[in-house]
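Order-wise, the sequence lines are chains A and B. Mapped onto my numbering, the consecutive letters of the first sequence carry residue numbers 330 to 702. Mapped onto my numbering, the consecutive letters of the second sequence carry residue numbers 60 to 195.
For the record, the hints were derived by calculation from the structure and aren't laboratory data. Keep in mind that a hint or two might mislead.
Just a sample of chain B residues kept apart from chain A, beta carbon distances all over 10 Å, derived [claimed, not checked]:
1) A66
2) E69
3) A79
4) R84
5) R99
6) D105
7) A120
8) R156
9) P159
10) P161
11) A175
12) R191
To give an idea of the chain A side of the interface with chain B (calculated C-beta under 10 Å), a few residues [unchecked claim]:
13) L419
14) D495
15) R496
16) A669
17) L670
18) A676
19) V698
Between beta-carbon pairs, the in silico distance windows are [unchecked claim]:
20) P413(A) to T97(B): 55 to 61 Å
21) S569(A) to H103(B): 24 to 30 Å
22) A483(A) to A66(B): 51 to 57 Å
23) W184(B) to H530(A): 26 to 32 Å
24) S63(B) to S567(A): 37 to 43 Å
25) R403(A) to A66(B): 48 to 54 Å
26) H103(B) to N482(A): 47 to 53 Å
27) W184(B) to K563(A): 53 to 59 Å
28) E332(A) to Q170(B): 30 to 36 Å
29) R618(A) to Q170(B): 28 to 34 Å
30) S334(A) to R187(B): 56 to 62 Å
31) D105(B) to E608(A): 25 to 31 Å
Predicted, not measured: the structure shown is a model, and the values here were computed from it. All residues carry an ideal CB built from backbone N, CA and C; glycine is no exception.
Residue-level listing of the chains:
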Amino acid sequence: MDELSSAAARLRSLVRSATVGLVGREQLAELILLAAVAHEHLLVIGPPGTAKSAVVRRVANLMGGRYFEYLLGRFTEPAELFGPVDLRRLREGRVETDVAGMLPEADVAFLDEVFLGSTAILNTLLGVLNERRFRRGHTDVACPLRVCVGAANALPEDESLAAFADRFLLRLFVAPVADSELEALLEGGWRAEQGVEQAQHALGDLDLLAGRVLHVNLDAVRGPLAEAVRALRKAGLSLSDRRIVRTQRLVAAATVLAGRQTATEADLWPLFYVLPSQEAQLSAQEALRASLKVAANPTLSSAAELAALQPASRVDRLLQAARACLATDDETTSRTLAEALLREIDANFVADAMPELLLAERTRLVAHVAASA
Amino acid sequence: MKWSWCAPVEAPVAQGMVAAGAAARVLLQAITGAESGTFRVAAHADLLVVLGAFDRLPWVADATYIAPAGDAAGLWLPTNVWPDVAVDLVQAALVRRHGPLPLLLLPSPAQLVSLARVVPLDGGWVARLQARWAGA
Numbered sequence: 330m331d332e333l334s335s336a337a338a339r340l341r342s343l344v345r346s347a348t349v350g351l352v353g354r355e356q357l358a359e360l361i362l363l364a365a366v367a368h369e370h371l372l373v374i375g376p377p378g379t380a381k382s383a384v385v386r387r388v389a390n391l392m393g394g395r396y397f398e399y400l401l402g403r404f405t406e407p408a409e410l411f412g413p414v415d416l417r418r419l420r421e422g423r424v425e426t427d428v429a430g431m432l433p434e435a436d437v438a439f440l441d442e443v444f445l446g447s448t449a450i451l452n453t454l455l456g457v458l459n460e461r462r463f464r465r466g467h468t469d470v471a472c473p474l475r476v477c478v479g480a481a482n483a484l485p486e487d488e489s490l491a492a493f494a495d496r497f498l499l500r501l502f503v504a505p506v507a508d509s510e511l512e513a514l515l516e517g518g519w520r521a522e523q524g525v526e527q528a529q530h531a532l533g534d535l536d537l538l539a540g541r542v543l544h545v546n547l548d549a550v551r552g553p554l555a556e557a558v559r560a561l562r563k564a565g566l567s568l569s570d571r572r573i574v575r576t577q578r579l580v581a582a583a584t585v586l587a588g589r590q591t592a593t594e595a596d597l598w599p600l601f602y603v604l605p606s607q608e609a610q611l612s613a614q615e616a617l618r619a620s621l622k623v624a625a626n627p628t629l630s631s632a633a634e635l636a637a638l639q640p641a642s643r644v645d646r647l648l649q650a651a652r653a654c655l656a657t658d659d660e661t662t663s664r665t666l667a668e669a670l671l672r673e674i675d676a677n678f679v680a681d682a683m684p685e686l687l688l689a690e691r692t693r694l695v696a697h698v699a700a701s702a
Numbered sequence: 060m061k062w063s064w065c066a067p068v069e070a071p072v073a074q075g076m077v078a079a080g081a082a083a084r085v086l087l088q089a090i091t092g093a094e095s096g097t098f099r100v101a102a103h104a105d106l107l108v109v110l111g112a113f114d115r116l117p118w119v120a121d122a123t124y125i126a127p128a129g130d131a132a133g134l135w136l137p138t139n140v141w142p143d144v145a146v147d148l149v150q151a152a153l154v155r156r157h158g159p160l161p162l163l164l165l166p167s168p169a170q171l172v173s174l175a176r177v178v179p180l181d182g183g184w185v186a187r188l189q190a191r192w193a194g195a
């Protein structure tokens with residue numbers, strides 16, 4: 330396995346660890362990685378209590394970098410995010426900010442209720458998000474920020490805030506878990522309370538992949554990407570030129586996270602998450618059906634599946650889950666998991682239309698269940 | 060109306076399952092003793108239908124997972140294979156010829172099963188079905 334594939338495989342394991350016990354939040358963990366590798370930012374929209382901060386915290390913890398989290402309010406002062414004025418330097422006549430332990434030093438940041446920030450905060454944040462530089466008074470420092478995750482209950486209606494929101498290229502809309510998943514939520518939440526994840530120090534892998542993004546060969550996907558944007562326009566869904574161009578970074582990031590240096594049509598799925606509103610994303614699933622028919626990603630399988638709603642991406646996710654299940658040491662857990670996976674495989678595919686690889690993993694799962702009966 | 064079965068674009072979340080013959084007996088064993096209110100059941104000849112939330116349904120080899128057909132909620136279909144025509148038309152045609160909903164349509168062997176008499180699962184029902192199968 331080459332360096333790229335090994336790094337992608339380690340990040341795949343990180344995503345799995347980050348979402349243990351967090352029902353239906355796999356896409357969020359995966360999109361944080363996608364954004365980090367692409368050097369972009371992610372906006373998560375959804376009601377309070379939907380485990381947004383828990384997922385970001387766990388991904389950050391597993392990455393092993395410096396993490397900064399803050400719940401913004403209307404009266405939040407810039408110093409609460411960026412650090413206080415350095416009084417020692419102030420006596421020398423210089424207005425400098427003491428950024429130790431604050432947002433400008435973070436590798437991963439989570440800003441809850443991000444649109445409630447004052448104009449002063451949002452303007453300074455723009456610099457941090459766009460240029461990864463913190464400028465305030467006489468302070469001008471480079472920020473190591475890999476990814477900033479912003480969260481809010483709803484998209485802002487105010488035009489001036491919409492411009493700020495546009496800096497978050499990726500959008501994910503989350504809802505409370507469905508009725509049918511409540512038992513899994515309770516069980517997962519209990520397990521999550523008991524377990525403490527070990528940091529996997531994945532920043533090195535992340536940086537390695539991010540360094541390869543601009544070297545990805547996108548020649549084969551520019552035509553299909555343009556075709557997909559045309560399909561969106563035809564369906565009345567327009568994207569700004571800026572968002573269309575930057576989508577290429579996401580496609581390249583998806584490519585390296587799949588362990589490759591050359592993009593294929595399987596890597597176009599991030600386009601779905603560039604659509605700025607929930608209504609647009611729902612409509613896009615139909616408009617992009619042809620463009621995303623082969624969408625898949627072994628590292629980000631849930632995010633690819635949600636975007637594409639296609640058998641290819643679903644197969645990919647089930648394959649990854651089956652392999653992870655068969656590699657689990659805990660017999661009781663792996664049997665329960667194997668039965669849940671078999672249930673999902675059988676509910677989705679008839680045997681004679683099942684892809685060969687999935688059929689093989691299904692056979693192994695059946696043998697595993699039989700052996701542990 | 061001519062139509063055939065095909066893979067659905069997106070498989071709906073299963074809300075039940077059906078099994079026949081030996082698989083039905085394994086399914087009955089798997090649901091026996093389940094907490095009250097978890098499943099509703101119906102049995103026809105050697106066919107067993109179990110309705111309940113997807114993550115509470117057991118996995119049984121050779122069982123078929125089923126769900127109501129979106130636009131035609133009175134018609135239940137397998138989740139992994141669907142008619143290649145509008146399901147509301149299939150439902151209307153079935154109601155005209157075969158009576159009241161809900162109905163479960165299965166592809167192979169082709170069967171139409173009434174779900175009008177599903178009942179909550181309890182020990183008495185299990186015992187009666189076991190006795191019926193033992194005497195068959």
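Status of each hint after checking the structure:
Against the 10 Å criterion, A66(B) falls within the reach of chain A, whose nearest CB is about 6 Å from its own CB. At the 10 Å boundary, the C-beta of E69(B) falls inside the reach of chain A, the nearest C-beta of that chain being 5 Å off. Annotated as non-interface, A79(B) keeps its C-beta farther than 10 Å from every C-beta of chain A; the closest such distance is 15 Å. Distance check on R84(B): its Cβ is at least 16 Å (rounded) from any Cβ of chain A, clearing the 10 Å threshold; non-interface status holds.
With a least CB separation of 15 Å from chain A, R99(B) remains clear of the 10 Å interface cut-off, as annotated. Every Cβ of chain A is farther than 10 Å from the Cβ of D105(B); the closest lies at roughly 20 Å, confirming the non-interface assignment. Listed as outside the interface, A120(B) is inconsistent with that label: its C-beta sits roughly 7 Å from the nearest C-beta of chain A, within the 10 Å cut-off. The Cβ of R156(B) lies farther than 10 Å from every Cβ of chain A, with a closest approach of about 26 Å, so its non-interface assignment holds.
For P159(B), the non-interface assignment is confirmed: its Cβ lies about 27 Å from the closest Cβ of chain A, beyond the 10 Å cut-off. Annotated as non-interface, P161(B) keeps its C-beta farther than 10 Å from every C-beta of chain A; the closest such distance is 19 Å. With a least beta-carbon separation of about 24 Å from chain A, A175(B) lies farther than 10 Å from that chain, consistent with its non-interface assignment. Listed as outside the interface, R191(B) is consistent with that label: its C-beta sits roughly 27 Å from the nearest C-beta of chain A, beyond the 10 Å cut-off.
Among the interface hints, the one on L419(A) is violated; its C-beta lies about 59 Å from the nearest C-beta in chain B, farther than the 10 Å criterion. For D495(A), the shortest C-beta to C-beta distance to chain B is roughly 31 Å, which exceeds 10 Å, and the interface hint is violated. For R496(A), the shortest C-beta to C-beta distance to chain B is roughly 33 Å, which exceeds 10 Å, and the interface hint is violated. Interface hint at A669(A): satisfied, since its Cβ lies 7 Å from the closest Cβ of chain B, which is below the 10 Å cut-off.
Interface restraint check: L670(A) against chain B, minimum CB-CB distance 8 Å, threshold 10 Å, status holds. About 4 Å separates the beta-carbon of A676(A) from the nearest beta-carbon of chain B, less than 10 Å, and the hint is met. At a threshold of 10 Å, the smallest CB-CB gap from V698(A) to chain B is about 8 Å, leaving the interface hint in force. At roughly 57 Å, the beta carbons of P413(A) and T97(B) sit within the given window of 55 to 61 Å.
Hint check: S569(A) to H103(B), Cβ distance near 58 Å, so the stated range 24 to 30 Å is violated. For the pair A483(A) and A66(B), the supplied restraint of 51 to 57 Å is violated, since their beta-carbon distance comes to about 37 Å. At roughly 56 Å, the beta-carbon separation of W184(B) and H530(A) lies outside the given 26 to 32 Å, and the hint is violated. The hinted range of 37 to 43 Å is satisfied by S63(B) and S567(A), whose Cβ atoms lie roughly 39 Å apart.
For the hinted restraint 48 to 54 Å between R403(A) and A66(B), the CB-CB distance of approximately 52 Å keeps it satisfied. A beta carbon spacing of about 49 Å between H103(B) and N482(A) agrees with the range 47 to 53 Å that was offered as a hint. Roughly 54 Å separates the CB atoms of W184(B) and K563(A), a value that falls within the hinted 53 to 59 Å. As the Cβ distance of E332(A) to Q170(B) is approximately 55 Å, the hint placing it in 30 to 36 Å is violated.
Look at R618(A) against Q170(B): about 32 Å separates their beta carbons, and that is inside 28 to 34 Å. A hinted range of 56 to 62 Å for the beta carbons of S334(A) and R187(B) is consistent with their spacing of about 58 Å. Remark: the range hint 25 to 31 Å for D105(B) to E608(A) is contradicted by a beta-carbon distance near 48 Å.
The structure fails to meet hints 1, 2, 7, 13, 14, 15, 21, 22, 23, 28 and 31 from the earlier list, while all remaining hints are met.
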